[in-house]
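Engineer: These are the residues of each chain, in order.
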Amino acid sequence: MKQKRGTDRSGAFRLNELLLTLPSLLMLIVLVGIPTIIVVFNAFCADSRGGWGEGFSLAAFREIFTVYYAGITLETILYTALTSFFSILIGLPVAYTIARSRGRMRLLLLLLVFIPFWTNMVVHIAAWKIVLHPDGFLRNVLVFMNLIDEKQLLWNTPFAVLTLFVYVFLPFAIIPLYASIEKFDFRLIESARDLGATASQAFFRVFLPGIRNGIYSAAMLVFVPVFGCYIIPQLVGGPGCDVLYANKIYQFTSTQSRNIPIAAALSLFLLLAMLVPWIIYRIHLIRQANSEGNSRVVPEPGNAAEIHSAAVSCQNGTKLDTGAESLKNAAGFSPASDMTEKEGNS
Amino acid sequence: MKNRIPQITTLFVFLFFYFPLVWMVIQSFLGKVDGEYEWTLRWYEQVFRKREVLSAVMNTVVVGFFAAVISTVLGTLSALAIFKYRGKIQEVHTALLYIPLVVPEILMGLSLMIFFSGLGLPFGKGTVIAAHVAFCTSYVTVVIASSLDGFDFTLVEASRDLGATYFQTFRKVIFPLLRPAICAGALLAFTLSLDDFIVTFFVSGHGGTTLPVYIYNSLKHGKVPGLYALSSVLLAVTFLLVTVSVFFQKNEFLDKEK
Numbered sequence: 001m002k003q004k005r006g007t008d009r010s011g012a013f014r015l016n017e018l019l020l021t022l023p024s025l026l027m028l029i030v031l032v033g034i035p036t037i038i039v040v041f042n043a044f045c046a047d048s049r050g051g052w053g054e055g056f057s058l059a060a061f062r063e064i065f066t067v068y069y070a071g072i073t074l075e076t077i078l079y080t081a082l083t084s085f086f087s088i089l090i091g092l093p094v095a096y097t098i099a100r101s102r103g104r105m106r107l108l109l110l111l112l113v114f115i116p117f118w119t120n121m122v123v124h125i126a127a128w129k130i131v132l133h134p135d136g137f138l139r140n141v142l143v144f145m146n147l148i149d150e151k152q153l154l155w156n157t158p159f160a161v162l163t164l165f166v167y168v169f170l171p172f173a174i175i176p177l178y179a180s181i182e183k184f185d186f187r188l189i190e191s192a193r194d195l196g197a198t199a200s201q202a203f204f205r206v207f208l209p210g211i212r213n214g215i216y217s218a219a220m221l222v223f224v225p226v227f228g229c230y231i232i233p234q235l236v237g238g239p240g241c242d243v244l245y246a247n248k249i250y251q252f253t254s255t256q257s258r259n260i261p262i263a264a265a266l267s268l269f270l271l272l273a274m275l276v277p278w279i280i281y282r283i284h285l286i287r288q289a290n291s292e293g294n295s296r297v298v299p300e301p302g303n304a305a306e307i308h309s310a311a312v313s314c315q316n317g318t319k320l321d322t323g324a325e326s327l328k329n330a331a332g333f334s335p336a337s338d339m340t341e342k343e344g345n346s
Numbered sequence: 001m002k003n004r005i006p007q008i009t010t011l012f013v014f015l016f017f018y019f020p021l022v023w024m025v026i027q028s029f030l031g032k033v034d035g036e037y038e039w040t041l042r043w044y045e046q047v048f049r050k051r052e053v054l055s056a057v058m059n060t061v062v063v064g065f066f067a068a069v070i071s072t073v074l075g076t077l078s079a080l081a082i083f084k085y086r087g088k089i090q091e092v093h094t095a096l097l098y099i100p101l102v103v104p105e106i107l108m109g110l111s112l113m114i115f116f117s118g119l120g121l122p123f124g125k126g127t128v129i130a131a132h133v134a135f136c137t138s139y140v141t142v143v144i145a146s147s148l149d150g151f152d153f154t155l156v157e158a159s160r161d162l163g164a165t166y167f168q169t170f171r172k173v174i175f176p177l178l179r180p181a182i183c184a185g186a187l188l189a190f191t192l193s194l195d196d197f198i199v200t201f202f203v204s205g206h207g208g209t210t211l212p213v214y215i216y217n218s219l220k221h222g223k224v225p226g227l228y229a230l231s232s233v234l235l236a237v238t239f240l241l242v243t244v245s246v247f248f249q250k251n252e253f254l255d256k257e258k
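So the protein sequences, as listed, match chains W and H. Quick note on numbering: the numbering used here labels position 70 of the first sequence as 70, and the sequence is numbered without any gaps. Quick note on numbering: the numbering used here labels position 160 of the second sequence as 160, and the sequence is numbered without any gaps.
Chain H extracted, bound-state conformation (with noise of 0.2 Å):
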């Protein structure tokens, strides 16, 4: 059955889905003088003097790193506990844990917006960290618990009754053995931390902008030069971390050949 048709589709959609992309970073390096279109890095410069540009970077940093540890410790916390553990308190945790992958981003903003104001918390920085610590959890849970299922916990155990401490078995027991998901979740973490706009926006205020909410303004606000260098600055970090995970898994999807 020889038919074309899949293929070309494709081809047109990688085309749909990468032609503004890579317009877009054209743009961003593209200059007009005396009439004339030259490369030019100008954008980048302008936008990168301005304080609010490097702010809205830092605390895109700073957010996505706290998000990224603090949600892995606790993910990786729950994921062994729903796995070893039964019983109520364990399904009320697995519910809860399903909230944030069911509920419209719109809703969770929105509650969370209602509780911070409700509790006088300022927002800024911190609260955007609770917010993306709040939905990162789950995704990492599942990352990990996910892996957990070959785990076999007659190594914890067996280094138990040896006399190692809990500190010690979680160190050398279950820490290598779950390194891989460990860091698959974490870069999972950092990734939905720097993808999300809907949370963010409703509990940053103005201490907490981030980079894609100040892209968000600037848009809104009309066209800003500078505005496409910086997303391509964004675009740039995306496609480094998806391509770095998928390159890390790459077993994953090749062994799967028949």
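Just chain W, same shape as in the assembly (with noise of 0.2 Å):
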């Protein structure tokens, strides 16, 4: 009786995984793998007029390859830096007071992170379009200050998207540097002090060490969405500043100038510049646990680059890493949020 459960079990184990896994692995393959294959080849077989060719060909990046795209590629470059940049020296502070703070008042301070975060992008571009419209209030109160020209708009300009890149991004970089100053240790900067160090010494050479990873995490958080975001510039910047790099791609799938090979090219080039700075990361964090002699390195939480990095190695055997959860459920969704505490100290 036994004996025969036993090999009954091992049949009934093979049969017991399939029926768990077969509906999600079904769903995947047919609406993110094959999806995502049929993008890289229709990257590589457009014609001389844009459109579906026939067999393999490299036109479509050979299009791409100009100094107009290069042009657009190095703008979008330079808002996504200066998004980053603005962002976590905006978010520091802001991390660093909701990490010091305890109780209700913290749970508050996270809320009020959390709502912006998760509002969707059009709301938060209809609230602006009220505050920085030509009739509206700030530029009137800007204009009777005499801080600006009567004839300066505030709207559909490149300081109205870059304003709204950060504004929206901004909950993006404060996350992933709360998480990390949450789990670092005050009591080094207690003892840098005491030791003789400023409190400026402290600060360069103590607190932002501590935390460089939550500062890499949170400045790729920013720079991977703003590169793949066109709906700010398409809708904020008016003429002049409305075409970034992701609005090439939106409008190579409009109907007016459909050339999707096109299109997929300039995508693969996105999902390449979303892999730059995670290579760069993993080379850090692997240079980091080589010199601290760690056989492995604590992965900050919220951390996009570091899921791809499990999803590639598949270091854990196959069970999705805690540490390595993603930003969205860290922020406020997981019953057990790593976001605090948990495999920090470990």
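In case anyone wonders, no lab produced these hints; they're calculated from the structure. Careful, some of the hints might be misleading.
[Stated by the list, open to error] Covered, in the sense of this in silico footprint (three residues per stretch, anywhere, with C-beta under 8 Å from a C-beta of chain H), are these stretches of chain W:
| no. | region |
| --- | --- |
| 1 | 23-31 |
| 2 | 258-264 |
[Stated by the list, open to error] Heads up, incomplete: computed chain H residues facing chain W, CB under 7 Å, no partners named:
| no. | residue |
| --- | --- |
| 3 | P6 |
| 4 | T9 |
| 5 | F14 |
| 6 | M24 |
| 7 | S78 |
| 8 | I99 |
| 9 | L107 |
| 10 | F115 |
| 11 | T137 |
| 12 | D195 |
| 13 | F197 |
| 14 | P212 |
| 15 | S231 |
| 16 | V246 |
[What the hints assert, rightly or not] These stretches of chain W come out as covered by chain H in the derived footprint (C-beta under 8 Å, 3 or more residues):
| no. | region |
| --- | --- |
| 17 | 95-107 |
| 18 | 122-136 |
| 19 | 230-237 |
| 20 | 243-253 |
Backbone N, C-alpha and C fix where the C-beta goes; we use that ideal spot for every residue, glycine too.
Dock chain one against chain two, each of which comes alone in its own frame, and use the hints as you go.
Structural biologist: Laid out in structure tokens, this is it:
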């Protein structure tokens, strides 16, 4: 009887695994795997007129290796770099304040960061349109105070695009910074001060290096979505600064100037732009692990790059690493939210 | 060390965050009558009388509901599968689950658009639900997998040994233990669906216009009266969902006090 159940079970074991796995696996193959492969395939089958072509061709890539696209890419990188810089600069004191607060105060402050984080981007744009509108409140005040010229507009300017970028993506920087400051041992600052370091020395040589992983992951979590964001330039930029990198992808998918191969090729470069900072970050983590003699670096929670690394290397067998939780998961929804402690002190 | 700079910056950042939003909500209740501003509900009345708006609201709710239900079911199963089993199948499974978490949304939208139009599917609610399920499932899986960390699978075996069927085991043992995580996952999936614009935009066509897509179109084609009322409604729903989920898991944040 016992023997029979044993053999029965190993057969049932495979069946159970398949029953549990197949629904989501099939969905993922159909809705994630196949479409992704199709995009890669599409990038290589453009014909000279820019439509669907026959066979393998690099026409789409020839099309985008031009000075024009290089200019757009550089402009986009400038915007993303500025957005990341300002988000971290402004986000750091906020993250610090939240990490140093306690109890209900911390809960409230986190909630106040999560709400703009989860609010749809179009709502943010609508709200800012009122503020920066030509007849809006802010422009009238600035004109009244003689701070700007009568003719100077606020909406449809590079300034408006950058403001919106920082506004929308600041929570993406605050959350990983908070998670990393929360784990920082502030006794290190006290010891540094006791040993004669000035406040700024303690800040630059103890605090910032101590939270550098949080800073890197904040930079990346801002960099990636800004690079792929086309709505803000399109709706806020106005003539002159309404075309950044992702807007070109959008344009080639719209009915007027549809060119799927070029859109696909541009998207593949977007993926590459996302992978480059990730690889730099990985190299940094490996170096850090080597220099500190750790076999395993504790990943920052809320770090999309870390998730990717786990996916590629499958280091942790097949279990999703809880330390590598996604940002959106960390942002208030995980019942076992690791953003505060857990693996940090292990 | 009494340094007030972080607190003061934080105060200014929260003013920066909330001033435009609060200002928009106030504007949505203001109307001009004979050159004088007064409180009014007329923007809300006007906007909710439009057929397109009502259908956009309906689409948003229907898409959010089905995306949340389907992705919660799939996410629960996949979390149990990747937690319990090892092997090549699960490696592929995990890798596929990670793709929607890391790929830029615009690439995901583009790929699904090409895929659906290649299949000749009519764009509408169906394609939007499918697209939302594609990315929500991964997030649900992460939430549930992280709560499985302390899950005791001997309970499942005990239940099986005592003669329960698989369905009974799931209903009486696994589900009650995972209920908080499943609820959090479903709430997350609904919020993600509501928060998404980019992927939806690519696959919605005419029949699948959701509220964010409608607001985007109004913004793009100039000012439409009632746009701010509509945005305020979307903001209020997001506010409610996030507040509920944070207070739902209040102890997770409060317990971490040292």
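Engineer: Would you settle whether the hint for S78 (chain H) is holds or violated, based on the nearest Cβ-Cβ distance to chain W being less than 7 Å?
Structural biologist: Holds, because the Cβ-Cβ distance from S78 (chain H) to chain W comes to roughly 4 Å (cut-off 7 Å).
Engineer: Does the interface hint hold: is L107 (chain H) within less than 7 Å of chain W, judged Cβ to Cβ?
Structural biologist: Hint holds; L107 (chain H) Cβ to chain W Cβ min 4 Å, cut 7 Å.
Engineer: Once the shortest beta carbon distance from F115 (chain H) to chain W is found, is it less than 7 Å?
Structural biologist: Status holds, d = 4 Å.
Engineer: Residue count check for the region 122-136 of chain W against chain H: does it reach three with CB-CB under 8 Å?
Structural biologist: With 10 residues close enough to chain H, the hint holds.
Engineer: Test coverage of the region 243-253 of chain W by chain H using CB-CB distances below 8 Å; three residues minimum.
Structural biologist: Coverage by chain H holds for the region 243-253 of chain W (4 residues, Cβ < 8 Å).
Engineer: With 7 Å as the cut and Cβ atoms as the points, is D195 (chain H) at the interface with chain W?
Structural biologist: This interface hint holds because 5 Å falls under the 7 Å limit.
Engineer: Grab the minimum C-beta distance from S231 (chain H) to chain W and call the hint holds if it beats 7 Å, violated otherwise.
Structural biologist: Constraint on S231 (chain H) satisfied, holds at 4 Å.
Engineer: For the restraint on M24 (chain H), tell me whether the closest CB of chain W is nearer than 7 Å.
Structural biologist: Hint on M24 (chain H): holds, closest Cβ of chain W at ~4 Å, below 7 Å.
Engineer: Okay, the region 230-237 of chain W and chain H, do three or more residues pass the C-beta test at under 8 Å?
Structural biologist: n = 4 at 8 Å, threshold three: holds.
Engineer: Taking 7 Å as the limit, does the beta-carbon of P212 (chain H) come near enough to a beta-carbon in chain W?
Structural biologist: Constraint on P212 (chain H) satisfied, holds at 5 Å.
Engineer: Cut-off 8 Å, C-beta pairs, minimum 3 residues; does the coverage of the region 95-107 of chain W by chain H stand?
Structural biologist: holds (count 9)
Engineer: Check, residue by residue, whether the region 258-264 of chain W contains three or more positions whose beta-carbon lies closer than 8 Å to a beta-carbon of chain H, and give the verdict.
Structural biologist: holds (count 3)
In summary, the structure agrees with every hint in the numbered list given earlier.
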